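**Student:** Each chain, written out:
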Amino acid sequence: MKTLILGEVVEGKLSSGALEIIAKSQDLGLDFEVATVGTEESPNIGSESFKNTYLKCNETQLSLGSVANTLKTMVDKQSISLIMAPSTYVGRDLVAFLSVDFSSSQVSNVINFSIEGGNVITSNSINGGESEYNSKITSDKKFLLIRPKSFEEVQVELSNTNYETIEINSEDPEVFDIFIEEKSGPQLEDSKIVISAGRGMVDSSNLSLVEDLASKLNAAIGGTRAIVDAGWMPYSQQVGQTGKTVKPDVYIALGISGATQHQVGMKDSKYIIAINKDEEAPIFQIADLGLVADTLSIVPKITENL
Amino acid sequence: MKIAVCAKQIPDPALDITYSEGLVSRPDEQVLDDTDRYGIEVALQLKEKFDAEVTVISMGKMGTEKGIQQALQMGPDKALVLEDDSLSGSNSLMTANVLSELSKKVGADITIFGTESTDGYSGVIPQQVSRMLGLPCISYIKAVEISDTVSLTRQTSTGSEKVQMPSNCVLSVTAGGVEPRYPNFKDIMAAKSKPVEKISLSDIEFSAVQNIEFIDIKDVSTTKQGEKIVDEGEGFQVIIDKLKELKAI
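Sequence lines, in order, name chains Y and W.
If you read the first sequence in this note's numbering, its first letter stands for residue 1, the second for the next number, and so on.
If you read the second sequence in this note's numbering, its first letter stands for residue 1, the second for the next number, and so on.
This is chain W alone, in the form it adopts within the complex (with noise of 0.2 Å):
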């Protein structure tokens, strides 16, 4: 079994994300997306139990590359990763376009993703990909139970609903999935070793187009004169005095 399982760098998400000309600002140094790791864990407990290669995939701006070294750290093999400065402000299908070519030169029978980037939350990227690779999409995967099959549970609008894993597929996974493990300092310093292939677009076949166009970023942030009080006591009163108010009660 071949899995492929992307990764994402962004910018440090603990601080607010900046644009220029409509683009997300990106430092040389980006770190490992956290919704990634559950797909990551994923990813991991399939290798235990089917002895299954997983190849980190990722594209954009590489840098310092801290953030897929954070995603070696976790477990996988190896990483394929693509940068081109063509395709910064890639729209979905654009990103999608490149990363089902990762999945295909990879070989995977399994691609994994998380359900949507802290910094891009477009949301639709593992569906493209599946629809472009022709494989079955099991989204917004919750729950993982692992023995001779694979039986994952789908977070649905009305609850949940559980099929077996497909042969080939593409699989997305919802943050709180999985817990996803922690690496020690050996699998810090093993990771240091691990191959990251880097490829650029030439070597893929690439066709999707731009086709969303930047305006502008307008302004449109409203200053609310609330009331702030600091408890001293009788701060739970003003409380429920302000829902009475209200008739919430």
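So that you can see chain Y by itself, here it is in the shape it has in the complex (with noise of 0.2 Å):
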């Protein structure tokens, strides 16, 4: 089955969501190649293991939409019927224009697929991750949405060659400011442990005490939707169904309840540590290890001792 997998430059390199997929292509033996999307100058995204066409934009430029037009022509011309992206902010933008292009619906949030018999089944996680949502895609364009850490990446030496270059010019609507968030201490997608907070922490200014303690730990800070909602986190820090998904080898929950919405974000981390002073919290059925607390007090004690 000819496929296509969607990346981005993230850094400088090829995205760590499309190298999952590429990883997950080649078990599955698919005919597949690479376009990555980015502006930066000659990045690292070329291998001699797939061939990668390099979409650049110009960053000045919201120019999706002219990429996905890019985009379309190659599957036209090369008769390409699977097309895989990562589920991030360009992924699904690129995947929604595409899908209305070819007038077939996307899969949103697929942990796995298969094919079978030239079908392609694929799976969703629902019900925070207790139940497998299967489904047969029936159209002859396939698109799926792949969650983030579903597959292990592949491992590949990356290079600026190997690769060939298709500038995007776009009348699309025009930037005209960027901000690149300075990323200080750990990062929630690859730190080894992560800490979330959710409404039991009561207030944003208790947020200090799960600060004070990621700092010792060296770990990355996470939140619920609910405090995400509530404006006491920037989005990019939810962890769960419409947030991120996490895998440390250590979560720490601190006043989370464990809706399914969060649970999916965080279920599959090696080892789970939760403090509710709610005992019949759900989060209490994930945990390895569940302290029934008050966590506005006993976190700063354990800060303290460390």
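Treat the hints with care, since some could be wrong.
Stated by the list, open to error - No more than 27 Å apart at the CA atoms, straight line, and that leaves these computed lysine-lysine pairs for DSSO-like:
| # | chain 1 | residue 1 | chain 2 | residue 2 |
| --- | --- | --- | --- | --- |
| 1 | W | LYS247 | Y | LYS270 |
| 2 | Y | LYS270 | Y | LYS301 |
| 3 | Y | LYS244 | W | LYS242 |
| 4 | W | LYS2 | W | LYS192 |
| 5 | Y | LYS13 | W | LYS162 |
| 6 | Y | LYS247 | Y | LYS24 |
| 7 | W | LYS228 | W | LYS244 |
| 8 | Y | LYS136 | W | LYS61 |
| 9 | W | LYS198 | W | LYS47 |
| 10 | Y | LYS244 | W | LYS61 |
| 11 | W | LYS224 | Y | LYS277 |
| 12 | Y | LYS149 | W | LYS247 |
| 13 | Y | LYS192 | W | LYS224 |
| 14 | W | LYS247 | Y | LYS192 |
| 15 | Y | LYS136 | Y | LYS77 |
| 16 | W | LYS224 | Y | LYS149 |
| 17 | Y | LYS13 | Y | LYS247 |
| 18 | W | LYS105 | W | LYS244 |
| 19 | Y | LYS77 | Y | LYS24 |
| 20 | Y | LYS183 | W | LYS247 |
| 21 | W | LYS105 | W | LYS47 |
| 22 | Y | LYS301 | W | LYS244 |
| 23 | W | LYS218 | Y | LYS149 |
| 24 | Y | LYS247 | W | LYS247 |
| 25 | W | LYS218 | W | LYS49 |
| 26 | W | LYS244 | Y | LYS216 |
| 27 | Y | LYS301 | W | LYS218 |
| 28 | W | LYS66 | W | LYS162 |
| 29 | Y | LYS277 | W | LYS242 |
| 30 | Y | LYS301 | W | LYS228 |
Stated by the list, open to error - Per the computed footprint, the stretches of chain Y lying under chain W, defined by three or more beta-carbons under 8 Å from a beta-carbon of chain W, are:
| # | segment |
| --- | --- |
| 31 | 41-55 |
| 32 | 106-117 |
| 33 | 130-136 |
| 34 | 172-182 |
| 35 | 232-241 |
| 36 | 266-275 |
| 37 | 290-297 |
Keep in mind the hints are simulated off the structure, nothing from the lab.
Model, not experiment: these values are computed from the prediction.
C-beta: ideal position from N, C-alpha, C; glycine also.
Quick one: dock chain against chain with the hints and give me the complex.
**Tutor:** This is the structure in structure tokens:
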């Protein structure tokens, strides 16, 4: 099955989400190539083991509509039938645009897929990961948005050669200000320890307790949808179904009840520690170590005694 | 300026989502998806500045229309909704097809969405609608500054970027992007007399087809034999010892 994997340039190299889908595609023996979107000059996205086309955009324009036009031509010319992207901001925009162009709805939030007799079978995680929803795509073109961390990344040497570059010229809306978030400290996606906060922290001012503990443990900080919606933390720190998926060695849930929406984003962590004063909180059902305690008073005690 | 803002009625999110034949079970009384409150707030801020007319658009099982009322209570002028049994279990593209047609019926210059619904979370509807309408999509908006022009800040994977709102476009607004207003008693009463126009599938151009076939739902739950202890003063030490054992410190 001719396959196209959409990737992005992140910090000068091919995004981990794309490397994960490449690994799975190699396992399945798919005839695939890659198209990577970015704005940087000569990023490290090339490899001898797959074909890659770099769609280079102007960073002062919102050009994903035009990128999709170029991709549409690629899909048409090369009779590609399976198109996959990691479920990121860019991946979602591109797959959405292409699904309209080819009148074939995508399947979102895919955690696994297989090819059976020319059909693509997809699995989604529902009910907080307790059930798997399986479906079959019946259209000629098949679009999948894959949840990051569903597969292990492929191990390849990436270089700034071995790919072709196409400059994207667009008349799309102009970007007049770009803000690069300074990444200080460990990042959610690749930190070995993640500490997340929920409503049980009571007030946003109490997040300083979480920060103190995180800095002692060199941990990244995340939050539930409830506290992100309440404006305590930016959307980029949300862990869960509609946020990020994390799989750290140790996940510490502070004052988190454990709604299914949250569990999907963290249940595959290697070791889960949960602290909550509600003995019946669902988070305890998936925790390796649960402590029924007043979160607000116990967190500083842990920090002080570390 | 005319604005269409999408509102989805969903089962009460405090309850677990249940499925029947692969479809989310929808009771008669559904509520407004909180995600949509952010888009509605942006629509209302634009209305206040530019004297825009705001129409709530929605599709799906209408039932008691509680969620539509909740949307109208925030301040939009009216609603245009479409219900058709044949749309039950629609894929994203079928949904986007209906919503883009509703946007056209409204004559919207700007069509506004949340980023993803709480029950379906496909996360692509705003982008699909923009492509169908042939308009630019400004997705994942996390801040809005309104003066004589409108500046939109988008969330990106590395930070954010600002764009000026085009005069015709589709927006998606992230949760937390703006502070949704709470209706007061007067707003709640006023919403009851706002027009809710209902149209059917035959009133729009609809061509999207179902291409996703439900196979099954498998139980993959694993029960963890975790340890649960109740703090009696030394709980912090248990955590510290465990972190040491895990070599986290």
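**Student:** Are the hints correct? Go through all of them and say.
**Tutor:** Against the structure, the hints:
A C-alpha spacing of about 13 Å is found between LYS247 of chain W and LYS270 of chain Y, which places the hinted pair at or below 27 Å, so the restraint holds. With a CA separation close to 24 Å, the supplied pair LYS270 of chain Y and LYS301 of chain Y stays within the 27 Å bound. For the hint pairing LYS244 of chain Y with LYS242 of chain W, the CA-to-CA distance comes to about 26 Å; that is within 27 Å, so the pair holds. Among the hinted pairs, LYS2 of chain W with LYS192 of chain W is consistent with the structure: their alpha-carbon atoms are about 22 Å apart, no more than 27 Å.
Simply put, LYS13 of chain Y and LYS162 of chain W have alpha-carbon atoms about 24 Å apart, close enough for the 27 Å limit, and the pair holds. Taken as a hint, the LYS247 of chain Y and LYS24 of chain Y pair is honoured in the structure, with Cα atoms around 18 Å apart against an allowance of 27 Å. Simply put, LYS228 of chain W and LYS244 of chain W have alpha-carbon atoms about 18 Å apart, close enough for the 27 Å limit, and the pair holds. Between LYS136 of chain Y and LYS61 of chain W the alpha-carbon distance is near 25 Å, which keeps this suggested pair within the 27 Å criterion.
With a C-alpha separation of about 23 Å, the suggested pair LYS198 of chain W and LYS47 of chain W falls inside the 27 Å cut-off, and the hint holds. As the CA atoms of LYS244 of chain Y and LYS61 of chain W are separated by approximately 30 Å, the hinted pair breaks the 27 Å bound. Distance hint between LYS224 of chain W and LYS277 of chain Y is fulfilled; the C-alpha atoms sit about 20 Å from each other, no more than 27 Å. For the hint pairing LYS149 of chain Y with LYS247 of chain W, the CA-to-CA distance comes to about 23 Å; that is within 27 Å, so the pair holds.
Of the supplied pair hints, the one linking LYS192 of chain Y and LYS224 of chain W holds, its CA atoms being roughly 21 Å apart against a limit of 27 Å. Using a Cα cut-off of 27 Å, the hinted pair LYS247 of chain W and LYS192 of chain Y holds, with the two alpha carbons roughly 11 Å apart. Of the supplied pair hints, the one linking LYS136 of chain Y and LYS77 of chain Y holds, its CA atoms being roughly 25 Å apart against a limit of 27 Å. Using a Cα cut-off of 27 Å, the hinted pair LYS224 of chain W and LYS149 of chain Y holds, with the two alpha carbons roughly 21 Å apart.
Straight-line distance between C-alpha atoms of LYS13 of chain Y and LYS247 of chain Y comes to about 22 Å, which keeps the hinted pair within the 27 Å bound. Of the supplied pair hints, the one linking LYS105 of chain W and LYS244 of chain W is violated, its CA atoms being roughly 63 Å apart against a limit of 27 Å. For the given pair, LYS77 of chain Y sits about 24 Å from LYS24 of chain Y by alpha-carbon distance, which is consistent with the 27 Å threshold. For the hint linking LYS183 of chain Y to LYS247 of chain W, the alpha-carbon distance of about 25 Å falls within 27 Å, and the restraint holds.
Taking the CA atoms of LYS105 of chain W and LYS47 of chain W, the gap is about 19 Å. The hint holds against a cut of 27 Å. This hinted pair checks out: LYS301 of chain Y and LYS244 of chain W have alpha carbons roughly 16 Å apart, not beyond 27 Å. Of the supplied pair hints, the one linking LYS218 of chain W and LYS149 of chain Y holds, its CA atoms being roughly 21 Å apart against a limit of 27 Å. Distance restraint check for LYS247 of chain Y and LYS247 of chain W: the Cα-Cα separation of roughly 17 Å lies within the 27 Å cut-off, and the hinted pair is therefore satisfied.
Proximity of LYS218 of chain W to LYS49 of chain W is assessed by CA-CA distance (about 51 Å); at most 27 Å being required, the pair is judged violated. For the proposed pair LYS244 of chain W and LYS216 of chain Y, the alpha carbon gap of about 13 Å is at most 27 Å, so the pair holds. Among the hinted pairs, LYS301 of chain Y with LYS218 of chain W is inconsistent with the structure: their alpha-carbon atoms are about 43 Å apart, more than 27 Å. Our distance criterion of 27 Å between C-alpha atoms is broken by LYS66 of chain W and LYS162 of chain W, whose separation comes to about 36 Å.
The straight-line distance between the Cα atoms of LYS277 of chain Y and LYS242 of chain W is roughly 19 Å, inside the 27 Å bound, and the hint therefore holds. As the CA atoms of LYS301 of chain Y and LYS228 of chain W are separated by approximately 19 Å, the hinted pair is consistent with the 27 Å bound. Counting residues of the segment 41-55 of chain Y whose beta-carbon sits less than 8 Å from any beta-carbon of chain W gives 0, not enough to reach three: the coverage restraint is violated. Remark: the segment 106-117 of chain Y is confirmed as covered by chain W, as 4 of its residues place a Cβ nearer than 8 Å to a Cβ of that chain, reaching the required three.
Coverage of a stretch by a chain is defined here by at least three residues with a beta carbon nearer than 8 Å to that chain's beta carbons; for the segment 130-136 of chain Y and chain W the count is 7, and the condition holds. Look at the segment 172-182 of chain Y against chain W: 10 of its residues bring a Cβ nearer than 8 Å to a Cβ of that chain, three or more, so the hint holds. A stretch counts as covered by a chain when three or more of its residues have a beta carbon under 8 Å from one of that chain; for the segment 232-241 of chain Y and chain W the count is 4, and the coverage holds. Only when three residues or more bring their CB closer than 8 Å to a CB of chain W does the claim for the segment 266-275 of chain Y stand; here the count is 4, and the claim holds.
Chain W is given as covering the segment 290-297 of chain Y, and this holds because 5 residues of the stretch bring a CB closer than 8 Å to a CB of that chain, at least three being needed.
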